[in-house]
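With these hints in hand, go ahead and build the complete structure from the sequences.
Same order as they appear, the protein sequences are chains R and X. According to our numbering, the stretch in the first sequence is residues 6 to 383, in order. According to our numbering, the stretch in the second sequence is residues 6 to 383, in order.
Check each hint, because a few of them may be wrong.
Since copy identity is lost for identical chains, a pair holds within one copy or between any two.
Taking lysine-lysine pairs in the BS3-like style, the calculated list, with each CA pair at most 25 Å apart, reads [claimed, not checked]: (1) LYS115 - LYS332; (2) LYS115 - LYS173; (3) LYS93 - LYS345; (4) LYS7 - LYS332; (5) LYS195 - LYS274; (6) LYS218 - LYS332; (7) LYS211 - LYS93; (8) LYS93 - LYS148.
Hint data in this document are derived by calculation from the structure and do not stem from the laboratory. Since we're looking at a predicted model, the values are computed, not measured.
There are 2 protein chains.
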Amino acid sequence: MKFDILRDRFLNGLNDVMKAVNTKTTIPILTGIKIDVTNEGINLTGSDADITIQTFIPVEENGEQIINISETGSIVLQARMFNEIVRKLPTNEVEIEVTNGFATNIRSGKSEFHLIGSDASEYPLLPELSADRQFSIPADLLKSIIRETVFAVATSESRPVLTGVNWKVEADELICIATDSHRLARRKVKLENLPTDITSVVIPGKSLNELFKILDDSTNPVQIVLTNQQVLFKTDDVLFFSRLLEGNYPDTSRLIPEDYKTNVTINGKSLLQAIDRASLLAREDRNNVVRFETLQSNTVEISSNSPEIGKVEEQIQVETLDGEALKISFSAKYMMEALKAIDGQDVIIQFTGAMRPFIIRSVADDAILQLILPVRTY
Amino acid sequence: MKFDILRDRFLNGLNDVMKAVNTKTTIPILTGIKIDVTNEGINLTGSDADITIQTFIPVEENGEQIINISETGSIVLQARMFNEIVRKLPTNEVEIEVTNGFATNIRSGKSEFHLIGSDASEYPLLPELSADRQFSIPADLLKSIIRETVFAVATSESRPVLTGVNWKVEADELICIATDSHRLARRKVKLENLPTDITSVVIPGKSLNELFKILDDSTNPVQIVLTNQQVLFKTDDVLFFSRLLEGNYPDTSRLIPEDYKTNVTINGKSLLQAIDRASLLAREDRNNVVRFETLQSNTVEISSNSPEIGKVEEQIQVETLDGEALKISFSAKYMMEALKAIDGQDVIIQFTGAMRPFIIRSVADDAILQLILPVRTY
Chain R
6 MKFDILRDRF LNGLNDVMKA VNTKTTIPIL TGIKIDVTNE GINLTGSDAD ITIQTFIPVE
66 ENGEQIINIS ETGSIVLQAR MFNEIVRKLP TNEVEIEVTN GFATNIRSGK SEFHLIGSDA
126 SEYPLLPELS ADRQFSIPAD LLKSIIRETV FAVATSESRP VLTGVNWKVE ADELICIATD
186 SHRLARRKVK LENLPTDITS VVIPGKSLNE LFKILDDSTN PVQIVLTNQQ VLFKTDDVLF
246 FSRLLEGNYP DTSRLIPEDY KTNVTINGKS LLQAIDRASL LAREDRNNVV RFETLQSNTV
306 EISSNSPEIG KVEEQIQVET LDGEALKISF SAKYMMEALK AIDGQDVIIQ FTGAMRPFII
366 RSVADDAILQ LILPVRTY
Chain X
6 MKFDILRDRF LNGLNDVMKA VNTKTTIPIL TGIKIDVTNE GINLTGSDAD ITIQTFIPVE
66 ENGEQIINIS ETGSIVLQAR MFNEIVRKLP TNEVEIEVTN GFATNIRSGK SEFHLIGSDA
126 SEYPLLPELS ADRQFSIPAD LLKSIIRETV FAVATSESRP VLTGVNWKVE ADELICIATD
186 SHRLARRKVK LENLPTDITS VVIPGKSLNE LFKILDDSTN PVQIVLTNQQ VLFKTDDVLF
246 FSRLLEGNYP DTSRLIPEDY KTNVTINGKS LLQAIDRASL LAREDRNNVV RFETLQSNTV
306 EISSNSPEIG KVEEQIQVET LDGEALKISF SAKYMMEALK AIDGQDVIIQ FTGAMRPFII
366 RSVADDAILQ LILPVRTY
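The structure is reproduced here in structure tokens:
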């Protein structure tokens, strides 16, 4: 194996696959990056067993020669070390050559590194996913869907299936749901060519967070292939594989109330900032709980009280306020995350009494629903 | 105590004094910031017992009214909490009022906080330093002096006096020395009005690092007052007090060799980058040691060898190379920090054999000297 490559383009590819590499893995070969050199270009692969990222660098790109291949072959090189070496090389031309066994020379300018690589045939193979059942989502929409749901997954492993986001297909809609059993985030989106055989999977929250970092904000389609064990997200540059979580995702539809006793329309950003301020005192105490109380003449009050430190009160003018008077307490963290997911628009908050879950929706759009369970404080 | 103040100017002052506050202090009152309101303006004080920072906000500044004072007085408020509250207030107008006892109201827009403060009379008093023996250094020069020396202080407490920088007065020169007994950094600077009574103090490295963050890059003079226990740095806005370290600083002058057997002139930046690359392999192994070897025809080689991972070699063209041939090993970290202190200019490196300390100086300027002890590897 021997090739010359432009360092900056090589680094771009390495940075993508590095996102899958976890140096704390218990599988030694996965601390490495696999480099496969063919006559068409170079495939780079990184994996932590749950997530696998592969990227292809072609010999020529946009009319520019990126790689000059002298001999094809494969090698696995220690990921973090190799990435740092390439980043710090003195010139933009890099020559990489595997000599006897797995000994690898990296040359650039007057600098020469000799690394001891590993056998590429020991690296796990990628799952084979049949590409005849795929659908696509524009990259920017996929990022929104992730951002609006993934924060609500459970962080504790006590019910592993809740650490993922449930993607369900119902007719022409994809429904994405995350819950940690104290709050729930749901996003619906109409799509074409949705699969009809596999209609419910659970994607690990960690995988979606890593995928989010790789996607750009373009409208370029991301092709998605679902199987029973794996999901594949394909962009022009990158194949992103994630294993799926096993187990049945709970039916959450009964959690969402059907009729409401108090309805408030309010500017999401003002409410977010007021809760952020109130939570400064709440954070030191009792699980970060703030109080929300309806007052007369389209006003609500946000307050928090921490006997050791002090208290805070703030009144906010709302757009509309209908139904029964209400005093309710909830987690400031959950409320702030829900409001951030809806992204600063006017929101409708609908309550069914101080001890029942309440929901938050955008005034403009029914696609996002956030649900929060209140906290008993009396 | 009652006053109105513009939030943004108030925050600037709070940010300065916050740099001295350490929330892990064992002295409860020092988790707070002291606010003293007089008819002229507001003094803010923060301290961790070693460092004390005080700043003054005048009633009027550049023709703009900053503060409106209704009642003078003093209070201590929990530093981190108070700073966060002020930062997140909804408007630029803040009213602060101490009502009965130490209860403090903070109002801005429709937001109202009630904090439980502490008695300002329990806050430690500032040391009284007589201002008749002061000298001054331009802020940017003072920052350079700190940057060129403080990195070399000892981090271990086994000889506490070495965790500080020794400032010595000799005739019209201030000589600043730091050493951890493996390397040494020395900076000399000619100044006027240097004190003649107190001629040697040791300033804690931590204090100098904090002072560095507060100073700007202007040529504005920083007034310095030395006493036996304390040093005070005064800028227009800020009083920065630091306690001094006790104990005699060792005489380091004998460490510096007087004649040399090998002299190398080399571009500091090229050498720094080559050592940075070589240290990628060295870092995993044996204390981060790299090898330096003189070759024929104005060339030196930097190399490193780690049996488990691989090796690296790089040749560098030097400007001049005189004297005996040399193979020497040293800490990549110490060499890189020394070269960074000299800041990328051409440097002279002078050796007295593989087992003796060597020195690094700028070609342009004799003011900075760096000394490093080699490592025995044979």
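Cross-check of the supplied hints:
no.: 1; hint: LYS115 - LYS332; in the structure: between (72 Å within a copy, 19 Å between copies)
no.: 2; hint: LYS115 - LYS173; in the structure: neither (56 Å within a copy, 44 Å between copies)
no.: 3; hint: LYS93 - LYS345; in the structure: between (39 Å within a copy, 17 Å between copies)
no.: 4; hint: LYS7 - LYS332; in the structure: neither (71 Å within a copy, 33 Å between copies)
no.: 5; hint: LYS195 - LYS274; in the structure: neither (27 Å within a copy, 57 Å between copies)
no.: 6; hint: LYS218 - LYS332; in the structure: neither (40 Å within a copy, 47 Å between copies)
no.: 7; hint: LYS211 - LYS93; in the structure: neither (30 Å within a copy, 31 Å between copies)
no.: 8; hint: LYS93 - LYS148; in the structure: neither (32 Å within a copy, 29 Å between copies)
The structure is inconsistent with the numbered hints 2, 4, 5, 6, 7, 8, although it conforms to all the rest.
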